[in-house]
Structure formats: C-alpha cells, structure tokens
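> These are the residues of each chain, in order.
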Amino acid sequence: MMDPSVEWNWVLFAYGVTYGALVLFTTSIAVRITRTRTKLAARR
Amino acid sequence: MTSPEQSEMSPSSVWPWVIMGVAGLVTFVAAMSVSPDAVQGQLSRIMYVHVPSAWLAYLAFGVTMFGSGMYLWKKNLKWDRLAHSSAEIGVFFTGLAIALGMIWAKPTWGVWWTWDARLTLTAIMFFVYLGYLALRRTTDDLDLRAKRASILGVVAIIQVPLVHFSVVWWRSLHQAPTIIRPEGPEMDTSMAVTLLIAVVSFTVMYSAMMIKRMELASLDDELTIEEQSDRGPAAGDAVVAPDLTGGA
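From first to last, the protein sequence lines stand for chains A and B. Take any residue in the first sequence, count from 1 to its spot, add 68: that is its number in the numbering used here. For the record, in the second sequence the residue sitting at position 57 is 53 according to the numbering used here, with numbers rising by one throughout.
Everything labelled a hint here was simulated from the structure, so no lab data went into it. Be a bit skeptical, because a hint or two may be false.
As the list claims (entries may be wrong) - Just a few of them, taken from the derived set where beta-carbon distance is under 7 angstroms, the chain B residues facing chain A:
#1 Asp33
#2 Gln38
#3 Leu92
#4 Leu96
#5 Ile99
#6 Pro103
#7 Gly106
#8 Val107
#9 Lys143
#10 Ile207
#11 Lys208
#12 Arg209
#13 Met210
#14 Leu212
#15 Leu215
#16 Glu222
All C-beta atoms in this analysis are idealised placements derived from N, C-alpha and C, irrespective of residue type, glycine included.
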C-alpha cells in the first residue's frame, strides 16, 4: 500500500478538481443569467 | 412556435445556490468522516465524488431523453429547454467523472488512461453529448433547433446502458458493480451509507442546478425571439418579389 500522505495528496487533488469545477460551472450559469437579463432589460 | 414563459424579469431566486452549497458541503463532510478502505486506503475517498458524478451523468442524459421525447410529442419548447439544460449539466458531470476516474486510476492502476471498454465508451458518450450541444448552435430557428436536438437526444440515450453494463459484458480493468448486483452489495455498511449520502446530495445539487439552468434557457429563448422580431427581411426593401404570372 502507498504512503498515507501520498494517498491524501491524490484525494485532495480529486476534491480540489471536483469543487473547483463545480464553482466554475455554477458561476458560468450565474454570469450567463445576469448577462442575458441585462440584455433583455436594455431592450425594454 | 411556442414562446417561453414570460419571466418579465422576475427576480432571480437565491435559494438554489444555497442548496448547491449545502449539498456540496454535506458530501465533503461525509466523505472525509468515513473510515478508509482496508485495501485502497485513503484513495477510496475519491469514490464519494466519482460515483455520484457518473450517476448524475446517467440521470441527466435520461432527463434529456425524456425532455426530447416530450418535445417531439407535444412540440412545446419548455421540454426542449428541459432537455438542453439537462444535457449541459450531464456533459459537465461526465467530464468530471472522467477526470476523477483518471485521478483515481493513476495511483491504483499506474496509468492515467487505458482503452478499457468502460473508459472508452464513457469518452464516446461525452463527445456525443458535446455534439448535441454543438448541434443546437447550427440554427437560430427555435423549433428547427429543438427538432434536430430532440432526435439526437432520444437516440443518444442508448449509450447509457452500454456504458453501465460494459464492465459486465466485456472484460474490463474497471471494477464491476459493487452495490447494484444480483448477489447484493459488496461493500462495508459505513462506506455504502456514505456513498448513498453522496449520491443523494449530488442529486439534490443537480435539481438546484436544473432550476437555474432552465431559468437561463428561458431567458435565452426570450432574447432570441426579441432579436428575431427586430430583424426585418434579410434584404429589406431592396428586393422586390418577381412577377411569376408571365404578365397575364
């Protein structure tokens, strides 16, 4: 079995990727909602 | 053409974002609290985000098929928006499942990637649904776009059982099912309960994401309709229709 500290590095890498990707994806949805609302508001 | 439900710029709700954050936190706390696996050690903790991501890919593409089928039947654009929103989230979680699988594979298998049936079919599924999203960008006509995408949305679902059962049907490096199998679960109870908590939390997160993504889809359709109504004929008044009556 691998050294537990090396295993933890892989685990933290995986969770960093997961939560980093989730934050980026949800932020992209929020930004697109805001941008589209702004465009619609400018037309009315 | 069915117009989107007029949101009339109703205020955007905040609670789906809060639910996403809480669901993410619950998964993290549960995954970090459980004891490590006897064989894989701490690496087994990757399972609590890898498996829920793969599950959400299946669920999201199932919802895409449902929305696509309903659009082809009812011709109501709200079903197309459901299918589109779910497909985008499904592509995200498929990509995440692949990335997490690679991070888990390197320390356990010794390689980032291998052309195993499960991995290869998952990669193909990822690219097919990316193609679904690309197909939607080929036209501004909302009904034509919905029709084209819906046909692919229904047909592409065949990949989900192929991916899921690939580890049973073909010899695979990827491990076989450990929870849903005829002989019963092959996992310690505490790990199975933690995995269940992670799967439920991710499903709640998906539902909250869908609420916000469908809000965006509705706003996008509204904007497209407004932009199209502003446009006059392509050539304005410069082109006069020819007289096809032969002067009669």
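> Each of the hints needs a verdict: does it hold here or not?
Hints and how they fare:
| no. | hint | verdict |
| --- | --- | --- |
| 1 | Asp33 | violated (10 angstroms) |
| 2 | Gln38 | holds (4 angstroms) |
| 3 | Leu92 | holds (6 angstroms) |
| 4 | Leu96 | holds (6 angstroms) |
| 5 | Ile99 | holds (5 angstroms) |
| 6 | Pro103 | holds (5 angstroms) |
| 7 | Gly106 | violated (11 angstroms) |
| 8 | Val107 | violated (14 angstroms) |
| 9 | Lys143 | violated (23 angstroms) |
| 10 | Ile207 | violated (10 angstroms) |
| 11 | Lys208 | holds (5 angstroms) |
| 12 | Arg209 | holds (6 angstroms) |
| 13 | Met210 | violated (10 angstroms) |
| 14 | Leu212 | holds (5 angstroms) |
| 15 | Leu215 | holds (4 angstroms) |
| 16 | Glu222 | holds (6 angstroms) |
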